[in-house]
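S.K.: Generate coordinates for the entire structure from the input sequences, incorporating the hints supplied.
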Amino acid sequence: MSIVKLFVVVAFILFGWPLSSVGGEQESLDDLSARKARFYKVVEELAKELNNDIKYYGQVVDLQGLPVAGAVVMMTVRVAGAVPPAKEFNRFEVITDERGLFFVETFGDVIGVDKIMREGYEYHYKYNPVRDLKSQREGKRQGSGFEPDKPFTFRVRKLAPASFVVLYNMTFGKKPGKPSMLDLIKRKWVHDEAHIIAMQYSSMDRDWHADVNLSVEGEAGGMKLVLDAPDADSGFVVEKQGLFEEMTEAPEAGYRRKVEFHVRREDSPAMVYVKGQGGLFYGKIHIDFMEDRPGVVAINATAFTNLSGGRGLEYIPAIESQYDWDVNVNHTRREISRADLLSGKSIELPVVSPKILKETESRE
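Here the working numbering is used: position 45 in the sequence shown is 45, and no number is missing along the way.
Just so you know, these hints were derived from the structure itself, not from any lab.
In this text the structure is predicted, and so the values were computed from the model without any measurement.
We put the CB at the ideal spot given by N, CA and C, even for glycine.
Subject to a maximum C-alpha distance of 20 Å in a straight line, what follows is the list of computed DMTMM-like cross-link-like pairs (lysine to aspartate or glutamate): (1) Lys355 <-> Asp326; (2) Lys188 <-> Asp288; (3) Lys134 <-> Asp149; (4) Lys158 <-> Glu119; (5) Lys55 <-> Asp132; (6) Lys224 <-> Glu260; (7) Lys355 <-> Glu320; (8) Lys87 <-> Asp114; (9) Lys188 <-> Glu335; (10) Lys115 <-> Glu93; (11) Lys224 <-> Asp288; (12) Lys55 <-> Asp114; (13) Lys150 <-> Glu98; (14) Lys126 <-> Glu246; (15) Lys178 <-> Asp292; (16) Lys240 <-> Asp228.
Per label pair, the in silico range of CB-to-CB distance: (17) Glu361 <-> Asp207: 32 to 40 Å; (18) Lys258 <-> Arg334: 29 to 37 Å; (19) Asn169 <-> Val296: 14 to 22 Å.
M.R.: Below, the structure is given as structure tokens:
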């Protein structure tokens, strides 16, 4: 019997048969018991059709294809028709060997990887669009995962050395005209000059400085997004290959004061490295953009800044969380300013506490 037919039969058993007899009398307990027996018989047949012995061969590698040893692979196998139903999903862990390989022998319908953990590496579903494997009967098994020399490959990203990197995100609409300005140290956008004038009278924002000017040019249907660096010996390097999180070190050279992007689907997102204030610090910006309505560009911009002045751009959420905690809760350090960078003094990386580390890991 095909799987589709089995599902149809189950549906009729559960929903398609009336609960009362022709004479209108309530279904007897004997009839109900008989129905249950038929139902469990169909479930048993369905389970036989779906479940198989599974011998699963896998390998964990980094984005460059190098094997990752000692990785904890967290997996789930589904057993169709499991009794009791609580045993339908079985979760377990395996550890990769020195070649990044792992092997699982189990029983069920579908087996899949939930997460891969290894210190110094990052797992994400977008590196692994296919994470589940449907079990197949002996003699019909094809593709990766069923043979030792054809393991199912999973990718993780090797983290660069930790840097003092913080992020800032903002979404706004932009029309042609005056630029919006971003201070990468204070992590604040300003969209009009009047606001800048008002900042001169604020003790908190008096030292605000524009590192990036963002503007929109052109007419509806043919608009451009423009990034401009107001400071000398500053600018942008456009990154067109790879993933944004792989941009972990800003280049030394090749920066341009002005870069442009056509506002069209194939050119979004824009990913750029930023050299700020003549090399005082470095960062990177990811900008999603589209013409939301005629003459208006919808912008979602996420900026990452190295507050210690180096070119390293590996973002570790726990480091930023610890920094914010130290500044706003513990009051054990003050917020880093542009003057701190200009002074040339060394800026220490926050020491992440176990509490902060646990909280950030639980959110990931």
